[in-house]
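Undergrad: Residue-level listing of the chains:
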Amino acid sequence: MKSPRVGPRLHSLEVPLDGLTLIVPSAAVAEVINSLTLTPVPFSQPWLKGVFGWRTLAVPVISFEALVGMPEPVSPATGKIVIFYPLSGRSDWEFYGMFATAEPRPQALSHSEPVATDSELPDLPCIAAGLKVGGKLMLIPDMDEMKKMFYPD
Amino acid sequence: MTDSNQYMRLQLGDTSFLLPSSSGFTIEQRENLITNKSPEGNVAAWRVVQNTRLPAYCLDASLRATRQHLWHRAVFLDTVPQAVGLAVDEVQLLPRAETTISPFTPLGIPPTRLGHLFSGAWVTGHRAMLVFDPKALAAYLQSLGEE
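Chains as they are written, first to last, in the working numbering: chain A, -3 to 149; chain B, 288 to 434.
No lab work stands behind these hints, which were simulated from the structure alone.
Mixed in with the good hints there might be a few duds.
[As the list claims (entries may be wrong)] Listing some non-contacts, in silico: residues in chain B with all C-beta distances to chain A over 12 Å:
1) 311
2) 348
3) 367
4) 383
5) 394
[Unchecked claim] Using 27 Å as the maximum straight-line C-alpha spacing, the simulated DSS-like pairs for lysine-lysine come out as follows:
6) 132(A) <-> 76(A)
7) 422(B) <-> 143(A)
8) 144(A) <-> 422(B)
9) 128(A) <-> 143(A)
10) 76(A) <-> 143(A)
11) 144(A) <-> 76(A)
For clarity, every value in this text was computed on a predicted model and none was experimentally measured.
No residue lacks a Cβ here, since even glycine has one placed at the ideal position from N, Cα and C.
Here chain A stands alone, though its shape is the one from the complex (with noise of 0.2 Å):
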């Protein structure tokens, strides 16, 4: 008998935001927190909550809902802080913390996933693409769109 095809498979996790999901490599999440109190930045973003340290680092925190446009959660302090590794090219002590609306999810994607259509997909900025995981829209951040906005120089 044949067994099945089992190609390598992509740790992710699944982000649960106000309204829409992300996909994210486990890999490039270094550690997922309870919300707490934020320090606020003066003149910063909107989508820039606040910073709180973290291993001797000072991590910002963004609310992805609000650096793609859409409404924010009336309360991201219930929820956890996502703490991702540096962008590409970015200093290795630049870690940045997003606002979940709950606890993400593991997920192992196996390629077989259908990849969503240009009008399944939702119409914001920073989101690469999509994919249908179990039948539920998740999207990929554009990690290079959202380099431009965290560091526009």
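Got chain A sorted already, so can you dock chain B onto it with the hints?
TA: Same frame as chain A, now just chain B:
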């Protein structure tokens, strides 16, 4: 005498920020300054040096100019073309060994022509106290007007 690793804690409203002592500054008591008695404008007081009036501004915790009257001192930053002051509720020179500053770059578009207002943070546990970039702070204060 201070060294480049020392920081001053400046209290603005209910929030504190740090300023590197290496930036060059002068602290003046309020009684040595000329208070702006007009309710108009952003200047809280002036320091007069050789017939030149150097403005000092009072900022709230979100760094907006305010005309509150509870400040006691002003820290004048040595900058070109002339020094500019920040009125503070409290100023404290922190011991060198007490502060370890982590680099920090705020995300997004810088708010001043000289970049972001902050270049670091003092992290203690989950708390982060922001460290001013002196040149950007001076540029921001100078943008608040002379009156």
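Undergrad: All hints are to be evaluated individually against the structure, with a verdict given for each.
TA: Do the hints match the structure? See the list:
no., hint, result
1, 311, "holds, 23 Å"
2, 348, "violated, 8 Å"
3, 367, "holds, 22 Å"
4, 383, "holds, 18 Å"
5, 394, "violated, 4 Å"
6, 132(A) <-> 76(A), "holds, 21 Å"
7, 422(B) <-> 143(A), "holds, 25 Å"
8, 144(A) <-> 422(B), "holds, 24 Å"
9, 128(A) <-> 143(A), "holds, 25 Å"
10, 76(A) <-> 143(A), "holds, 22 Å"
11, 144(A) <-> 76(A), "holds, 25 Å"
Going through the hint list in order, the structure does not satisfy hints 2 and 5.
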